[in-house]
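Q: Can you make the complete structure from the sequences, with help from the hints?
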Amino acid sequence: MKKLRVLQAIMFAAAIVAAAGAVSAAEKVVVEGSTTVLPIAQKAAEVFMDNNGDIDISVRGGGSGVGIASLLDGSCDIADSSRAMKDAEYEKAAAKKKDPKAHVVAMDGIVVVVNNSNGISELSKKQVKDIYTGAASDWSAVGGQAGKIVVVSRDSSSGTFEAFGELVLKGAKVRPDALMQASNQAIASIVAKTPGAIGYVGLGYLTDSVKPLKIDGVVPGRDTVLSGKYPVSRPLFMYTNGSPKGAVKEFIDFVTGPEGQKIVDEEGFVALK
Amino acid sequence: MVKRVLACVMLVAGIGVFCADGFAGEVDILVQKLVDKGILTPGDAQQILVETKEEAKKELAQGKVTNVPKWVQDIKLKGDFRLRYQHDRAKQATATASQRDRARIRLRIGAETRLIDEFKVGFGIATGTTSDPRSTNMTLGDSFAFKNIVLDYAYGQYDPDLSHYMQPLSLSLIGGKFPNPIWEPVDMLWDTDIRPEGVMANLGYKADNNLSFFMNNGFFILDEGSSDKGDPIMFVVQPGVNWKITDNIEFKGAVDNYFFNGVKDHAALDYTAGTNTVARLPDMNRQTSTAVYWYNYNSVAPKVEIGFIDPFKFAGFDTGVPYLSFFGEYINNWDRSSQDNGWALGSRIGHKKVGDKGQWQLAYNYRFLERDAWLDIFPDSDFYSGRTNAKGNNVIFQYGVTKNSMLNFEYYDTMSMTRQTNSADSSRLPAQVIQADWIVKF
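Just so you know, the sequences run in chain order A and B. If you read the first sequence in this note's numbering, its first letter stands for residue 1, the second for the next number, and so on. If you read the second sequence in this note's numbering, its first letter stands for residue 1001, the second for the next number, and so on.
Hints should not be assumed to be uniformly reliable.
[Claimed, not checked] List of simulated lysine-lysine pairs, DSS-like, C-alpha gap at most 27 Å:
(1) Lys-1078(B) - Lys-125(A)
(2) Lys-86(A) - Lys-1403(B)
(3) Lys-86(A) - Lys-1064(B)
(4) Lys-1403(B) - Lys-126(A)
(5) Lys-1352(B) - Lys-170(A)
(6) Lys-129(A) - Lys-1403(B)
(7) Lys-101(A) - Lys-1053(B)
(8) Lys-170(A) - Lys-1070(B)
(9) Lys-1070(B) - Lys-125(A)
(10) Lys-173(A) - Lys-1147(B)
(11) Lys-28(A) - Lys-173(A)
(12) Lys-1070(B) - Lys-101(A)
(13) Lys-92(A) - Lys-1313(B)
(14) Lys-1313(B) - Lys-96(A)
(15) Lys-1353(B) - Lys-129(A)
(16) Lys-97(A) - Lys-1357(B)
(17) Lys-125(A) - Lys-1403(B)
(18) Lys-97(A) - Lys-1403(B)
(19) Lys-98(A) - Lys-1352(B)
(20) Lys-86(A) - Lys-1078(B)
(21) Lys-129(A) - Lys-1244(B)
(22) Lys-1076(B) - Lys-86(A)
(23) Lys-1053(B) - Lys-229(A)
(24) Lys-1353(B) - Lys-126(A)
(25) Lys-86(A) - Lys-1357(B)
(26) Lys-173(A) - Lys-1352(B)
Hints listed in this document are in silico derivations from the structure and should not be mistaken for laboratory results. The structure presented is a predicted model; accordingly, all values stated were derived computationally and were not measured.
A: Quick look at the structure:
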């Protein structure tokens, strides 16, 4: 009888310890990948964790390729990506019996801007590429009044630079004498002060101080980016392995929901809602 | 509501995944109609379209992986087709100049796959004949006769993972008949159609992003005879460097070291151009009157190319010329003391490589190859019919018509180094070749 009581006490204690452990162990979600998506993921994780103390979201960059590789290796739960997965990555996933599922969380639109005094109001994507690679160095070469083009670009570490390189330059190098700037605001500021300047900024950073250009005849704006008609735009993704469940689902729902989309707007991207 | 629409579209997408393009267009129209009716927002529509496309891509990939072995999935195919007009004009030793105009075609198709990560197998087929290792052309004519396809190359390649031992070191072991890995800025020594036979061990060492070293080491079999005890063979060791000196200046250099065994005193090799020194008299060891090589061809061949990116873009002066390079090559056969040198000098201007519409390149080189500087089974067959004891000019212009399609114009103005001893003709027997090509790569 005494032995039975001792056994009961031990089992009771073990149950309490297990329950306490279960309560204290927060569910952990690892998010990794694109530096372009990083600010959205970081800010969303902060706000999400404030409201969900039992879920710990760890966010890190590394690039889209790194994030996708980690998702396929099982070392992260969500891969941020500023591009769609490549066929080879899907094939690798299939070989590893993984089931990547895409969630579009935002759209990225880049606006090419010039000084307000510039008579140009439209360029083709090819003309923008020529200007940034140095093939065209005078406004007269692209239909404007004669005058040297001052090329302003984001520095190579920025996601906007990466997106612009991918969507417009198609891998070509920016001319070496371009003025490389650390922020969208710095670009807008230089273009606003320099009559012959051309730059590019995220759609969310467009102000009246600079003149946005139509590209291939399409006006940059929320509607044209969301419809996919504006040529310098792209979707931003979060990939999960299979349909998300538990904390991963809660976080994805948060990012694609009203609060998350407000963060998308605040970070200078185009919200889906 | 949106999720229901998404589920609906995904279901339809799942059914239609195998008729990808046309089907994608139909989904676009359906989603656009839902946007027009105010059922979906443009953002929801974009989300549905992109995610549907991703699902379709994934399902295609899954089908591919499930049904086909990995080595089949990993097969990479490449090839090219060339249509050529060629005009040859050559002065004959016993007659006036002969002329010939020909239309020729060349087709090459290659494939490679990896059986495991470190082991690759490759093979290629091409137009050509088994009696000319220096040409894959087939001349049009002969009452529409069918043209020959031959095995161009077939090899196995082992690339062991050395990252555990020394991160920047790479090694490739190749065996069989393979595309020539010996680097040369101009095809003075090696016709580009030649596929060496034997084994190679190619080492690479990447010091940093701007500096790397390579060393190509080969053992090649030149001939094999059932009754021949000393089959002719050759060894090559080619150490070299790739150095990006600045963002705009790059340098490549190498020194080839060639060692031959069994060539001297051996009967003239198959498909010789007939200009190396041979002797018909039997020497002390041979009781034969067969023509045999009088010399060996152990040689050293340094070569360099220095390239300038945006060469004329300074002080605001921009001609739009993206690339300019100068190159040179020299060879000395140290088994002979005369008629033992060869050299080439040249330049390229335009785009570094012509692979896209509007790209162009103009190149020029002058070559000088003495009689026994090099074995006459190897040099460019368009340059004085691949002979040694020849010198002359070569001009090439290439222009990109579309992506992977280009026009190529080439002119050779060549002659023998020695004059005719015939009293009626003391010329150097000049020969000219004009080639106009349309080339498509795929």
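Q: Confirm or reject each hint.
A: Checked hints:
Between Lys-1078(B) and Lys-125(A), the direct Cα distance comes to roughly 31 Å. Violation of the 27 Å bound is thereby established for this hinted pair. At most 27 Å may separate the alpha-carbon atoms for a hinted pair to count; Lys-86(A) and Lys-1403(B) meet this at roughly 22 Å. Restraint check for Lys-86(A) and Lys-1064(B): the C-alpha separation of about 14 Å stays at or below 27 Å, so the hint holds. About 16 Å separates the Cα atoms of Lys-1403(B) and Lys-126(A), which keeps this hinted pair within 27 Å; it holds.
At most 27 Å may separate the alpha-carbon atoms for a hinted pair to count; Lys-1352(B) and Lys-170(A) meet this at roughly 18 Å. In summary, the hint linking Lys-129(A) to Lys-1403(B) is supported, as the alpha carbons are separated by about 18 Å, within the 27 Å threshold. For the hint linking Lys-101(A) to Lys-1053(B), the alpha-carbon distance of about 11 Å falls within 27 Å, and the restraint holds. Distance hint between Lys-170(A) and Lys-1070(B) is unfulfilled; the C-alpha atoms sit about 31 Å from each other, more than 27 Å.
Between Lys-1070(B) and Lys-125(A) the CA atoms are separated by roughly 39 Å; this puts the pair beyond 27 Å, and the hint is violated. Simply put, Lys-173(A) and Lys-1147(B) have alpha-carbon atoms about 45 Å apart, too far for the 27 Å limit, and the pair is violated. About 41 Å separates the Cα atoms of Lys-28(A) and Lys-173(A), which puts this hinted pair outside 27 Å; it is violated. Straight-line distance between C-alpha atoms of Lys-1070(B) and Lys-101(A) comes to about 23 Å, which keeps the hinted pair within the 27 Å bound.
A threshold of 27 Å between alpha carbons decides the hint, and for Lys-92(A) with Lys-1313(B) the separation of about 44 Å lies outside it, so the pair is violated. Annotation: proposed proximity of Lys-1313(B) to Lys-96(A) is violated, straight-line Cα distance about 50 Å (limit 27 Å). Proximity of Lys-1353(B) to Lys-129(A) is assessed by CA-CA distance (about 20 Å); at most 27 Å being required, the pair is judged to hold. As the CA atoms of Lys-97(A) and Lys-1357(B) are separated by approximately 42 Å, the hinted pair breaks the 27 Å bound.
Restraint check: the Cα-Cα separation between Lys-125(A) and Lys-1403(B) comes to about 18 Å, which is no more than 27 Å; the hinted pair holds. Distance restraint check for Lys-97(A) and Lys-1403(B): the Cα-Cα separation of roughly 37 Å exceeds the 27 Å cut-off, and the hinted pair is therefore not satisfied. Between Lys-98(A) and Lys-1352(B) the CA atoms are separated by roughly 42 Å; this puts the pair beyond 27 Å, and the hint is violated. A threshold of 27 Å between alpha carbons decides the hint, and for Lys-86(A) with Lys-1078(B) the separation of about 21 Å falls inside it, so the pair holds.
For the suggested pair Lys-129(A) and Lys-1244(B), the alpha carbons sit about 26 Å apart, so the restraint of at most 27 Å is met. Only pairs whose Cα atoms come within 27 Å are accepted, and Lys-1076(B) paired with Lys-86(A) is accepted, the gap being roughly 17 Å. For the hint pairing Lys-1053(B) with Lys-229(A), the CA-to-CA distance comes to about 17 Å; that is within 27 Å, so the pair holds. Of the supplied pair hints, the one linking Lys-1353(B) and Lys-126(A) holds, its CA atoms being roughly 21 Å apart against a limit of 27 Å.
Between the alpha carbons of Lys-86(A) and Lys-1357(B) the distance comes to roughly 26 Å, so the proposed pair stays at or under 27 Å and holds. Proximity of Lys-173(A) to Lys-1352(B) is assessed by CA-CA distance (about 15 Å); at most 27 Å being required, the pair is judged to hold.
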